[in-house]
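S.K.: The numbering of the sequence shown is this note's numbering, which starts it at 214 and goes up by one.
Calculated from the structure, these hints are not laboratory results. Ideal Cβ placement from N, Cα and C applies to all residues, glycine included. Hints are supplied without guarantee of correctness; some may be wrong.
Have a look at the derived ranges for each label pair, beta carbon to beta carbon [said to hold, decoys possible]:
1. G314 with K284: 30 to 40 Å
2. N349 with E261: 14 to 24 Å
3. N349 with N316: 31 to 41 Å
4. N342 with E292: 11 to 21 Å
5. C313 with I289: 15 to 25 Å
6. K284 with K318: 28 to 38 Å
7. E287 with E319: 27 to 37 Å
Calculated pairs, DSS-like style, for lysine-lysine (alpha carbon to alpha carbon, straight line, at most 25 Å) [stated by the list, open to error]:
8. K300 with K284
9. K284 with K347
10. K311 with K294
11. K304 with K318
12. K288 with K304
13. K345 with K304
14. K288 with K345
15. K284 with K345
16. K286 with K275
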Amino acid sequence: MKKTISFLMFLGIFIAVSVGFNILKGHNKNSLNNTFSNSTSSTQKLTEIVLFYGTGCPHCAKVEAFIKENKIKEKIAFEEKEVYFNKENAKQLVEIAKNCGFNEKEIGVPFLWDGEGQRCIVGDEPIINFFKEKLNL
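Based on the provided sequences and hints, a complete structural model is requested.
M.R.: In structure tokens:
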């Protein structure tokens, strides 16, 4: 029963994020690309680690719990960006994900950009494993 409820919550959040991204998609794409290209945080310039998350996302909460329990913020420098309520962060997530070859409809959180390795990592377990590898845990 818990698995069913968790799955339904995840599905609802995923649908909400997808709808949000579709709304963003409907806006002027050239404006979005120009805004991102002129930003100091474009993928060409973004060499740090960025963790994109959504408030209320259960998978994001799992990553956050791992980060707190293992004091990851004290050991690795990275930026966290909330995307459900911050349009600029959501735009940046979409642009980075597209550069990694993701279809806009397939983008979800948690999502990690590894600027050093120039790669995208999606999902709680893969992101937790990324931090474990970085710290040899």
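S.K.: It remains to establish, for every hint, whether it holds in the given structure.
M.R.: The hints, checked one at a time:
1. Between G314 and K284 the beta carbon distance is about 33 Å. The supplied range of 30 to 40 Å therefore holds.
2. At roughly 20 Å, the beta carbons of N349 and E261 sit within the given window of 14 to 24 Å.
3. At roughly 34 Å, the beta-carbon separation of N349 and N316 lies within the given 31 to 41 Å, and the hint holds.
4. Separation of N342 from E292 is about 20 Å and conforms to the stated range, judged on CB atoms against 11 to 21 Å.
5. Checking the proposed 15 to 25 Å range against C313 and I289 shows it holds: the Cβ atoms sit about 20 Å from each other.
6. Here the CB-CB span from K284 to K318 is close to 36 Å, well matched to the stated 28 to 38 Å.
7. A hinted range of 27 to 37 Å holds for the C-beta pair E287 and E319, which are about 33 Å apart.
8. Between K300 and K284 the CA atoms are separated by roughly 28 Å; this puts the pair beyond 25 Å, and the hint is violated.
9. Of the pairs offered as hints, the one joining K284 and K347 holds, with about 13 Å between alpha carbons and a cut-off of 25 Å not exceeded.
10. Between K311 and K294 the alpha-carbon distance is near 17 Å, which keeps this suggested pair within the 25 Å criterion.
11. Distance restraint check for K304 and K318: the Cα-Cα separation of roughly 13 Å lies within the 25 Å cut-off, and the hinted pair is therefore satisfied.
12. About 28 Å separates the Cα atoms of K288 and K304, which puts this hinted pair outside 25 Å; it is violated.
13. A distance of roughly 28 Å separates the Cα atoms of K345 and K304; the hinted pair therefore is violated under the 25 Å criterion.
14. Between K288 and K345 the CA atoms are separated by roughly 11 Å; this keeps the pair inside 25 Å, and the hint holds.
15. Taking the CA atoms of K284 and K345, the gap is near 12 Å; set against the 25 Å cutoff, the hint holds.
16. For the given pair, K286 sits about 15 Å from K275 by alpha-carbon distance, which is consistent with the 25 Å threshold.
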